[in-house]
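Undergrad: Residues per chain, in single letters:
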Amino acid sequence: MSGARHLYVHLPFCASRCGYCDFVTVVGRDGRHGEYVDALIAELELERGVLAERLETVFLGGGTPTLTEAGALRRLLRALPDSEELTVEANPETVTPDLASLLAAEGVTRVSLGAQSFQPQLLETLERRASPDVVRRAFYHLRDANFDNISLDLIYGIPGQSASDLQRDIGEALTLAPEHLSWYELEAKPGTRFTHVHGAELARQVEEMEEYFERVVDAMTGAGYRWYETANFCLAPGRDGGRDLRSRHNLGYWLGRDYLGLGIGAVSTVGALRWRNTPRLGAYLEALANGQRPLRDVEGLPAAVKREERVMLGLRLDEGLPLADATDAIDLRALDRLVAADLARVSPANGAPPALVLTGRGRRLGDGVTAELLS
Amino acid sequence: MDQDRIRNFSIIAHIDHGKSTLADRILEVTGAVTGRDMRAQVLDSMDLERERGITIKAQAVRVHWKGYELNLIDTPGHVDFTYEVSRSLQACEGALLVVDAAQGVEAQTVANAYLAIENNLELLPVVNKIDLPQADPEGVAEEIAELVGDTRDHALRVSAKTGQGVEEVLDAVIERISPPKGDADGPARALVFDSSYDQYRGVVAFVRVVDGSFRAGEPVLAMAQGTRFEAEEVGFFSPTMEPADTLSAGEVGYLITGLKDVARLRVGETLTSQSNPASEPLPGYRDVKPMVFAGLFPTDSDDYPELRDALERLKLNDASLSYEPETSQALGFGFRSGFLGLLHMEIVRERLEREFDLDLLVTAPTVAYRVETPTGELVEVHNPADMPDDRERVEEPYVRASIIVPKDGVGQVMELATERRGRFDHMEYLSPERVLLLYELPLGEIVFDFYDQLKSRTRGYASFDYDYAGFREGDLVRLDVLVGGEPVDALSLVLHREAAYSRGRLLVDRLREEIPRQMFDVPVQAAIGSRIIARETIKAKRKDVLAKCYGGDITRKRKLLDRQKRGKKRMKQVGAVEVPQEAFLAVLNLDEGSKK
Numbered sequence: 003m004s005g006a007r008h009l010y011v012h013l014p015f016c017a018s019r020c021g022y023c024d025f026v027t028v029v030g031r032d033g034r035h036g037e038y039v040d041a042l043i044a045e046l047e048l049e050r051g052v053l054a055e056r057l058e059t060v061f062l063g064g065g066t067p068t069l070t071e072a073g074a075l076r077r078l079l080r081a082l083p084d085s086e087e088l089t090v091e092a093n094p095e096t097v098t099p100d101l102a103s104l105l106a107a108e109g110v111t112r113v114s115l116g117a118q119s120f121q122p123q124l125l126e127t128l129e130r131r132a133s134p135d136v137v138r139r140a141f142y143h144l145r146d147a148n149f150d151n152i153s154l155d156l157i158y159g160i161p162g163q164s165a166s167d168l169q170r171d172i173g174e175a176l177t178l179a180p181e182h183l184s185w186y187e188l189e190a191k192p193g194t195r196f197t198h199v200h201g202a203e204l205a206r207q208v209e210e211m212e213e214y215f216e217r218v219v220d221a222m223t224g225a226g227y228r229w230y231e232t233a234n235f236c237l238a239p240g241r242d243g244g245r246d247l248r249s250r251h252n253l254g255y256w257l258g259r260d261y262l263g264l265g266i267g268a269v270s271t272v273g274a275l276r277w278r279n280t281p282r283l284g285a286y287l288e289a290l291a292n293g294q295r296p297l298r299d300v301e302g303l304p305a306a307v308k309r310e311e312r313v314m315l316g317l318r319l320d321e322g323l324p325l326a327d328a329t330d331a332i333d334l335r336a337l338d339r340l341v342a343a344d345l346a347r348v349s350p351a352n353g354a355p356p357a358l359v360l361t362g363r364g365r366r367l368g369d370g371v372t373a374e375l376l377s
Numbered sequence: 076m077d078q079d080r081i082r083n084f085s086i087i088a089h090i091d092h093g094k095s096t097l098a099d100r101i102l103e104v105t106g107a108v109t110g111r112d113m114r115a116q117v118l119d120s121m122d123l124e125r126e127r128g129i130t131i132k133a134q135a136v137r138v139h140w141k142g143y144e145l146n147l148i149d150t151p152g153h154v155d156f157t158y159e160v161s162r163s164l165q166a167c168e169g170a171l172l173v174v175d176a177a178q179g180v181e182a183q184t185v186a187n188a189y190l191a192i193e194n195n196l197e198l199l200p201v202v203n204k205i206d207l208p209q210a211d212p213e214g215v216a217e218e219i220a221e222l223v224g225d226t227r228d229h230a231l232r233v234s235a236k237t238g239q240g241v242e243e244v245l246d247a248v249i250e251r252i253s254p255p256k257g258d259a260d261g262p263a264r265a266l267v268f269d270s271s272y273d274q275y276r277g278v279v280a281f282v283r284v285v286d287g288s289f290r291a292g293e294p295v296l297a298m299a300q301g302t303r304f305e306a307e308e309v310g311f312f313s314p315t316m317e318p319a320d321t322l323s324a325g326e327v328g329y330l331i332t333g334l335k336d337v338a339r340l341r342v343g344e345t346l347t348s349q350s351n352p353a354s355e356p357l358p359g360y361r362d363v364k365p366m367v368f369a370g371l372f373p374t375d376s377d378d379y380p381e382l383r384d385a386l387e388r389l390k391l392n393d394a395s396l397s398y399e400p401e402t403s404q405a406l407g408f409g410f411r412s413g414f415l416g417l418l419h420m421e422i423v424r425e426r427l428e429r430e431f432d433l434d435l436l437v438t439a440p441t442v443a444y445r446v447e448t449p450t451g452e453l454v455e456v457h458n459p460a461d462m463p464d465d466r467e468r469v470e471e472p473y474v475r476a477s478i479i480v481p482k483d484g485v486g487q488v489m490e491l492a493t494e495r496r497g498r499f500d501h502m503e504y505l506s507p508e509r510v511l512l513l514y515e516l517p518l519g520e521i522v523f524d525f526y527d528q529l530k531s532r533t534r535g536y537a538s539f540d541y542d543y544a545g546f547r548e549g550d551l552v553r554l555d556v557l558v559g560g561e562p563v564d565a566l567s568l569v570l571h572r573e574a575a576y577s578r579g580r581l582l583v584d585r586l587r588e589e590i591p592r593q594m595f596d597v598p599v600q601a602a603i604g605s606r607i608i609a610r611e612t613i614k615a616k617r618k619d620v621l622a623k624c625y626g627g628d629i630t631r632k633r634k635l636l637d638r639q640k641r642g643k644k645r646m647k648q649v650g651a652v653e654v655p656q657e658a659f660l661a662v663l664n665l666d667e668g669s670k671k
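So the protein lines, in turn, are chains A and B. Going by my numbering, the first residue of the first sequence is number 3, and it counts up by one from there. Going by my numbering, the first residue of the second sequence is number 76, and it counts up by one from there.
These aren't lab readings, by the way, just hints derived from the structure by calculation. Among these hints, one or two may not hold up.
[Said to hold, decoys possible] Just so you have them, the derived chain B footprint on chain A, three or more residues with Cβ under 8 Å: (1) 184-193; (2) 249-261; (3) 303-316; (4) 333-339; (5) 369-377.
[To be verified] Pairs of lysine-lysine residues, derived as PhoX-like cross-links and limited to a Cα-Cα distance of at most 25 Å, are as follows: (6) B:Lys390 <-> A:Lys191; (7) B:Lys643 <-> A:Lys308; (8) A:Lys308 <-> B:Lys640; (9) B:Lys643 <-> B:Lys632; (10) B:Lys335 <-> B:Lys256; (11) B:Lys647 <-> B:Lys623; (12) B:Lys644 <-> B:Lys632; (13) B:Lys623 <-> B:Lys482; (14) B:Lys623 <-> B:Lys634; (15) B:Lys256 <-> B:Lys236; (16) B:Lys390 <-> B:Lys364; (17) B:Lys236 <-> A:Lys191; (18) B:Lys643 <-> A:Lys191; (19) B:Lys616 <-> A:Lys308; (20) B:Lys390 <-> A:Lys308; (21) B:Lys640 <-> A:Lys191; (22) A:Lys191 <-> B:Lys647; (23) A:Lys308 <-> B:Lys632.
The structure presented is a predicted model; accordingly, all values stated were derived computationally and were not measured. Beta carbons: idealized from backbone N, C-alpha and C, even for Gly.
Generate coordinates for the entire structure from the input sequences, incorporating the hints supplied.
TA: Spelled out as structure tokens, the structure:
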């Protein structure tokens, strides 16, 4: 084993917590940004042995990484190992020309902008702080700083979102011509404030929502984007000088590669182990201040589980996964049934090994199809 | 004992009119049990009977009163056991017809009174519960007199609860019921009017000796079935088992046979001596056939062996229960079981669930159909799925139903009976308030929610009983339900052509609600032969995938997948369609559901 080539760094700080969010976030505590970055750097040193000599990707996620106080953020970016793709998640209201220049100057190659929607009333429902204008302005600040790989995060299935609202969001997003788009159906997690407030409306619109996914996929592919993962689209190579604009970092997850996660609540998967750092800020800071690893939940991943995950994740990709990687895990009679129902196919081998691939409809029903294959 | 000093009688009554209490009081008054030993309602030995207030198995108790030997034969109290009741009555010369002074004559009273009259029994009307504040002994005595064509002064007034009038009942039994008149010296003949199974001693036969006598150790022959055995012991109940040297003409008692199977000694058999056999059996033996059928399936298919063992054990004591293995594509392995009627079915089901701790899926009950095929072959069909497509004619069993209802419920009852293809037969006023209606109805309509409908339309005031009236031709069809183009065998029904459309529509609608959407469109259809009479489509799911799945989501996603896989395992497979067990339950309980 040559070590993990993908590194995730979690920056939990947010100006406020959005009602639908269930990530590990910390609101306020501005004074602790520096302290937290120190801890991240200390954790990186402790885990250095897990990482490969050369990294492919680094991803700064949150929280709101771009809310981190500029000096601390700069210090962190400088302390991170070099990589071929360095992505930072940004919230529109934090993206100023200065921030954009800072990111560019420190070697960030890709920015993922949390737009979510362009409709004021929907942004309000989501409790986002940015207005549609702020979202657009942020995008142009990034372009002005010469970012040529920008991704937009968008949400559909927002309570009260009509089909024409969705159509407008699709249009607005395409007008900006981002290299990459992620479209997520709003997941109302049980127990969140959001579900408490909007649960009834969400239940009411369940059936309409099913159709929204189809609309999104059709609009994106119609506009020349490649639907390369269930929720992710990138400009097709032909549209952008042959560049492969898929998120290389996230592909690492979907291809079952090892990755190291730093920061509170961050998950790592290395070999047959997966662990999650404590989500508690105080405990995390204290451990690392003492030169110790933070508390972790550790999960063993037997070979059979890894094979199953490989299928589960691989089937989310338009390329599918090599049939050879799947045969030990799947029920081949189920595969025949799914092929007959035009939900899956085995792609012909053009020199490459044959792949197990889901059809468009199969991908929209991916969870059911996967359960069928793995039963 | 000299036959002149023997009286054999039974008590017939509607549920809760006080039969068991009166029997207990008789035991007490005659000193057969002392108050200290008295367990309320000694005669009902099974818990289930106690709870439901009904008696499943007849028993006989010998008591003494003023130098006479009185044998009290307890009768089962429900229509499903009519044949057993009639055999119990055949063992007697008279019967107490007990009627609740507050409730009056009920349908069951009518049916059993007629049975007693058919058996030439002397009827002693007894108005019970005269201590109740709302009792109307005179009105009820009048109703009984109307029913049996007697004068109301003949009715005895008692309170079994307080004991008032009970001694007079015993005196009347001696005075008004005639003694047995068998040939004490002729070849031995005894009527088997009931039996039970004892795990150590085998089948215990309850008998009424008509002619001659039986002694312990004697080789015995059952004349109808040809079963041979040695009487290991003879005796009587007092109320516990008391061995005796002989049972002689006119007496009632038991005979221990050592047989291992109740089916080898059926109720109605005539026992005789192997060494000096009688030339003719006693009249009236019938091989009772089950009339109502249903599939019993364990909800968990792993419980199949337990269900099989449980049915085997129930059958030891219940010769009228029959079953054979049934395989349903949708419900897996189970048994197609035959019952005397709906109550019998309910009792078996409850015992399986309660005593054997089984969780059961029971298909809609159906009746026995007689089918003539185009080639002239006659087949009896117990499972709608077996109903041949090509048939010349179909006959279905009919019953004579007696329904007693307050006069303002007559219209409701007539409407229901007409809806259910009933043929009006007779109507009479039992009193200014209550009306007796006689109808002929297809049994297939009765097993189909009839009793519940009757109760709900008359706000619980109707009482109902029936007796089999033979087979008649009907315009019957098999209604199939298809899910994803595949017939669901467990949901097939046989019913009248005119009822098929609304029933088909109801089944299809309910299934559409209950079957979750699949990865493809699923047509749900109701069909008669190849003709579709109702159709709905369960539209395919359009999205079933978790949007986000990054490094921190993988374990959660895998757990969701495991849950989804476990969910699939609980599904029953109909072709390519996964149907939750609850969907079958909902459809099988359609009528219960529609009442809520």
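Undergrad: Output the numbers, in ascending order, of every earlier hint that fails for this structure.
TA: 4, 6, 10, 11, 13, 15, 17, 19, 20 and 22
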